[in-house]
Amino acid sequence: MLIKFEVNGTPAEVDVEPRLSLADCLRDTLHLTGTHLGCEHGVCGACTVIVNGEAVRSCLMLAVQADGENVVTVEGLSNDEALTPLQAAFRKHHALQCGFCTPGMITTAHALLSEEPNADADRVREVLSGNICRCTGYVPIIEAVLAARTAYGADQ
Amino acid sequence: MNGERAPNILIGRPIERVEDPRFLRGRGQYVADVNKEGQLFAVILRSSVAHGMLRKIDGDSALKIPGVRAVITAPDLGSQVPVIPLRLHPLPQLEPFCQPVLAHDKVRYVGEAMAVVVADTAAIAEDALDHIDVEIDSLPAITDRAGAEAAAATLFEQHGTNVAIKWTAVRGDADKAFQSADYVRRETFRVQRHAALFMEPRGIVAEWDDAAQRLTFWGAAKVAFANRKILADAMGLSEQQIDMVEVDVGGGFGSRGEFYPEDFLIPFAARFLNQPIKWVEDRREHLMTGNHAREIECDVEIAATNDGRILGLRGQSWTDNGAYIRTNGSVAPRNVAQYMSGPYAIENIHLTTSSLTTNKTPAGTYRGPGRFEGDFVRERLIDLMARDLGLDSIEVRRKNLVADAQMPYPFATITPYEFASEFDSGDNHALFELCLEEFGWAEKVELQGKFIDGRYHGISIGCFIEGGAAGPSEDARIVLETDGMFSVYLGSASVGQGIETIMAQIAGDALEVPFDSIRVLHGSTAHVTAGYGSFHSRSTAMGGSAILLAAEALRTKIRAVAAATLGCSPSDVSLDADRARGPSDTSVMYAELSSEPIEAEATFRNKKTTYAYGSLAAHVAVDPGTGQVEVIQVSSTKDVGRMINPATLRGQSVGAIVQGLGGTLLEHLVYDEDGQLLTGTLADYMLPTADDFPNISTTVIELKPAPHIPLGAKGAGEGEIIPIGGVIANAVANALADLGVEPYELPLSPPRIWQLIEAARSSG
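Chains P and A, in that order, are what the protein sequence lines are. The letter at position 41 of the first sequence is residue 41 when you use my numbering, and the numbering goes up by one with no holes. If you want my numbering, it's the 1-based position in the second sequence plus 156.
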């Protein structure tokens, strides 16, 4: 099937098998390998991307369902010049070790803070509880996301 | 980092990691991101039967599917199916229990590899699995100790028993100590099967260059050099014909990077078809094929004087090793026996561990192997003893910890494959007192056993040691490049712990050059002559010490080259951050020193284990209506001798604690009586999530440098996971002391705690 959607602000047009997941389409067809596959059954959150502003498990969404939609991956939340405030907070707080879950943490946290810049620690923990990290014990990830809130317009 | 930092100040600072920018931007390159021109995709046909005779595998109809290139079964491997040897403790009596890379006569666990399907896409290869005709005559599955000990059925008929080996740890005269002791208590403890479960699934890309007769293997981790030797032997190649390449690695914790069947099958298939082949496991495969860990039953008794001096530990343990003894399958059973005494001065020890084979996934090491299990038993026994004798559990620990002045102090000696070790240097008592203080024991002790707002509160503290720096050696090679940059090549491997940063800190200080002028390359076999990799918390202590030696050798060479340029004697040359200086204001920039790179390689050898010492305290609240245990606070202390990077070290400590809480409260690989794994998804296998354990505080100090390691650093990657099971179980027992609940088995899941409470109430 031929589908058209926007990925990180760029139009994409790809011919996919109906059974292809959005995650596989992003990784294998579009070579956006920042989206990681940790479980392929919707639990670990490593494959989280942002579809029309919402955090979505790309392993549970078919590529054909993205037809006409707006998709943002971790690559789309990055630039060459400097780390974004959210990324810089992750680095400063040592909120990543092996880095495998990190793209999903970044996309999930970005989607959260874009909607709820004043999210408190409990809210951040609740939302990020859908993303599994095996290295950090989460404590520094929560610290990093809370520290990044000001960049999303949180009340000072 | 900016490039203007003065030299010799990198170690000990929480420098932000050089790895982070690529990971944060989604630009890491993990093995699933590696693609080769013309690659095919492999999937593995796995047994759905736990125990049975393999009668037939027929891939003919699968081969008729367009896009399927091969169905590789045991006869394709040649006259002999390769068997995966032991990497550690290679005892001849264990050889009959080693795993063949493909099942051929018998299958022994659900998930065992039986064939490899190669196709143009992974989806076609997976479709083809359903078209392979397999016949297995089922045999009764052995899934527990009772079954393994019943002689009626064995996994290895020619061996006649399911007991692969029995390890014995001895110190002093335990029987004599128990005869004369005031107090003895014997209990049976169990730890459940769980696993390291790193987040990035295992994967391999292999390419065979037929013209050059060379194999390249992407996806190496942990022990690339050891695996290259195993692979070379199995494929009939020399080690020099194989390049193992380490790309970014998404977590290890002991399990990733050991030699698994696929580590042979995928390279073999690449040579067989003469095309690059890629294989990435899915999570269900991982749960049923990656090394499991921890499953053990321990029947152990403690002897003590009436005033709480521990006289001895005696007993037997049985580890459930699963269907085969894998590369490092002997580590946990050995450690349980040798290190059950932990940081306590226990003069008389006789502990055995029998390694049992069962029809379950083979077991291997997982962070703190054998130590987590042994500490659970020991810390529980100490608290039971204190309660029985009416003593304060704090005072009992103070009384029994090995004192600074007693070191070096020997552990029990383990046999066979005899290994004796001793406490190196450390102050258990100082760490214990610091932990009590950091935790706020004096205030929190008021809560002990109290019923507040519907929950019982309990606190507990335990002590641990962490072994590190396994020998025999590590290699480092440092090259002064012609652009003035220093490349540090290392035999150590990264499993996500931040080696590029830590090693650059060590190298920067050793070379007295800025952090930004160092580039660290590690793990791949092309970098150095030999390497032993990353396990047993060894990378920083061993690899870092090799860097010190190589740096000194390189500085000597640079002085000689500079002396020739500057026309002076090498002893007159001083080395600055970016240049060599001669007498009377002459100097030459490193970038202009030579038209050829200048390099030095060094090997650091060490056979003595380092020990990090520490304590850990916890506060829990137990809901008697549901059995739910909430961990309100965990505080830990640890002495690592010397800190390289406090930020990454804290990361190891907090991460270890939360992993340990997972193993204590949540994680459980459950099998039914037919040997079917019931927890084959992450929805069934419960990992800690961000809202489970919010309050973790860790304190790491530099008190006693490692005496045998020039860097002074001790292994520190496992520590705080070790005491968690025992400390939390003791805190639960303290919370429920009025009810008389004593947990002897992990995990401390709501149903188990609820049942213990109900049983205590009905009997009380």
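Calculated from the structure, these hints are not laboratory results. These numbers were taken from a predicted model, which means no experiment stands behind them. Every residue, glycine too, gets a C-beta built ideally from N, C-alpha and C. Check each hint, because a few of them may be wrong.
[Said to hold, decoys possible] Cβ-Cβ distance ranges computed for the label pairs, FRET-style:
1) A/P850 with P/E116: 13 to 23 Å
2) P/P117 with A/R761: 32 to 42 Å
3) A/A682 with P/Q65: 39 to 49 Å
4) P/G9 with A/E708: 43 to 53 Å
To see whether the hints hold, each was checked on the structure:
1. Evaluation of the 13 to 23 Å hint for A/P850 and P/E116 yields a pass: the beta carbon distance comes to about 19 Å.
2. Range check, P/P117 to A/R761: about 55 Å between beta-carbon atoms, so the 32 to 42 Å window is missed.
3. Range check, A/A682 to P/Q65: about 44 Å between beta-carbon atoms, so the 39 to 49 Å window is met.
4. Separation of P/G9 from A/E708 is about 52 Å and conforms to the stated range, judged on CB atoms against 43 to 53 Å.
When the structure is compared with the earlier hints, a violation turns up for hint 2 alone.
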